[in-house]
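*Asks:* Listed below, chain by chain, are the residues.
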Amino acid sequence: MVTRVEMRPDARSVAASVVDPEIPVLTIGDLGILRDVEVDGDRVTVTITPTYSGCPAMRQIEDDLRKALTDAGYAEVEVRTVLTPAWSTDTITEEGRRKLAGFGIAPPDPEHEVLCPRCRADGPRLVARFGSTACKALMVCSSCGEPFDWFKEL
Amino acid sequence: MIRTLIAHADDNMVLAQRLGEWVSRAPELELDIALANLGLDHLGVARALYQRAAELEGDGKTEDDYAMWRDERQFTNLLLVEQPNGDFAHTIVRQFLFDAYQLQLWEDLAANADDEVLRGVAAKAIKEARYHFRFSSGWMVRLGDGTDESHRRAQDALADLWRFTAEMFEDPATASYREAWDGIVAEVLEDATLEIPDDPYQRSGGRQGFHTEHLGRLLAEMQWLARSHPGAKW
Numbered sequence: 001m002v003t004r005v006e007m008r009p010d011a012r013s014v015a016a017s018v019v020d021p022e023i024p025v026l027t028i029g030d031l032g033i034l035r036d037v038e039v040d041g042d043r044v045t046v047t048i049t050p051t052y053s054g055c056p057a058m059r060q061i062e063d064d065l066r067k068a069l070t071d072a073g074y075a076e077v078e079v080r081t082v083l084t085p086a087w088s089t090d091t092i093t094e095e096g097r098r099k100l101a102g103f104g105i106a107p108p109d110p111e112h113e114v115l116c117p118r119c120r121a122d123g124p125r126l127v128a129r130f131g132s133t134a135c136k137a138l139m140v141c142s143s144c145g146e147p148f149d150w151f152k153e154l
Numbered sequence: 155m156i157r158t159l160i161a162h163a164d165d166n167m168v169l170a171q172r173l174g175e176w177v178s179r180a181p182e183l184e185l186d187i188a189l190a191n192l193g194l195d196h197l198g199v200a201r202a203l204y205q206r207a208a209e210l211e212g213d214g215k216t217e218d219d220y221a222m223w224r225d226e227r228q229f230t231n232l233l234l235v236e237q238p239n240g241d242f243a244h245t246i247v248r249q250f251l252f253d254a255y256q257l258q259l260w261e262d263l264a265a266n267a268d269d270e271v272l273r274g275v276a277a278k279a280i281k282e283a284r285y286h287f288r289f290s291s292g293w294m295v296r297l298g299d300g301t302d303e304s305h306r307r308a309q310d311a312l313a314d315l316w317r318f319t320a321e322m323f324e325d326p327a328t329a330s331y332r333e334a335w336d337g338i339v340a341e342v343l344e345d346a347t348l349e350i351p352d353d354p355y356q357r358s359g360g361r362q363g364f365h366t367e368h369l370g371r372l373l374a375e376m377q378w379l380a381r382s383h384p385g386a387k388w
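Line by line, the protein sequences give chains B and W. Throughout the first sequence, residue numbering follows my numbering, covering 1 to 154 in sequence. Throughout the second sequence, residue numbering follows my numbering, covering 155 to 388 in sequence.
Misleading hints may appear alongside valid ones.
Think about it this way: if two alpha-carbon atoms lie no more than 30 Å apart in a straight line, the pair counts; the simulated DSSO-like pairs of lysine-lysine are [said to hold, decoys possible]:
hint : chain 1 : residue 1 : chain 2 : residue 2
1    : B       : K67       : B       : K99
2    : B       : K99       : W       : K281
3    : W       : K387      : B       : K99
4    : B       : K152      : B       : K99
5    : W       : K215      : W       : K387
6    : B       : K152      : W       : K281
7    : W       : K215      : B       : K152
Some chain W residues flagged as far from chain B (calculated, every beta-carbon gap over 10 Å) [said to hold, decoys possible]:
hint : residue
8    : K215
9    : E270
10   : E282
11   : D325
12   : Q356
13   : F364
14   : R371
By construction, these hints were calculated from the structure, which means they are not laboratory data. Cβ coordinates follow ideal geometry from the N, Cα and C atoms, glycine included.
Model the full structure from these sequences, guided by the hints.
*Replies:* As structure tokens, then:
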């Protein structure tokens, strides 16, 4: 039986508002790695998926989810990890893309056009395919010279 | 099925450990990060496959039982991935030869694996393998078509590692990858102005647990902590 107790904050909103430890400007809801939240009385089951197979932040996210949901009044929190369907940058929300750009990280663009988050010029140069986290590459703007992270298409 | 899962997991686990050895030692900061990232992806794949094997095997087994509590003879990884890092060219050549193989492997398994979880892992890994291949093939061209020194080192690394390539296609399940692998390897080596070695000598045995001398030392380092402090947690 799946019920919702109205006195407590909604489990899905609580789970969705947990921030990504490596890109703290994004919540896991924005990032699209939150797959499912199921409430059964005092018990919540949260299903998440990693961005990359080797994402080192999964344990931290799991821990943060437990804390957030426990604080919100859920006695039992189970966090499951699934790999299918594989995560893709397409699942980053519009809100997430805006937050990334505002934070200085070029968001993945469906048209594969990478713009400098500082001056909006196109045609940056790729400095390194692997940036400060597994999901980003390091670019430098050919126009204003700003070095910046680009959230890679996947 | 369990043997297949463990064989692929072992390939990724051992290569992840090798790549991790570069941390703080790579020629540039960007490469240090890149090699660590490749390693993390391989480690993630290995964990997912070990976890699936543990689930199928039951008995309360965990991923650590496979990674930390088996000995050299029980590891069934390909000999290629256990080869020492050598210089940067050796690491790139090893990665490139293996990436070209994993491109075929994951594409096949994502569509055709009997096990549902293995299909899922493969569907995720193929995206990463494509990215790894862009990195390693890009570096093959930069090294091969670079300076005399980088060309010589890349060619030497190819000569050293070529004898471990046929093993990837020995299993009837992977034999059909050979043709596509030959094609993409030849294409990149041509761009890189490198020669395919014509030495016919080939080594194998990894899948049966017969390893080169290098795996034992790698495992000694990798398994030391888990064995000296059983149950240790971060």
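*Asks:* Checking against the hints above, which ones are violated?
*Replies:* 3, 7, 9 and 10
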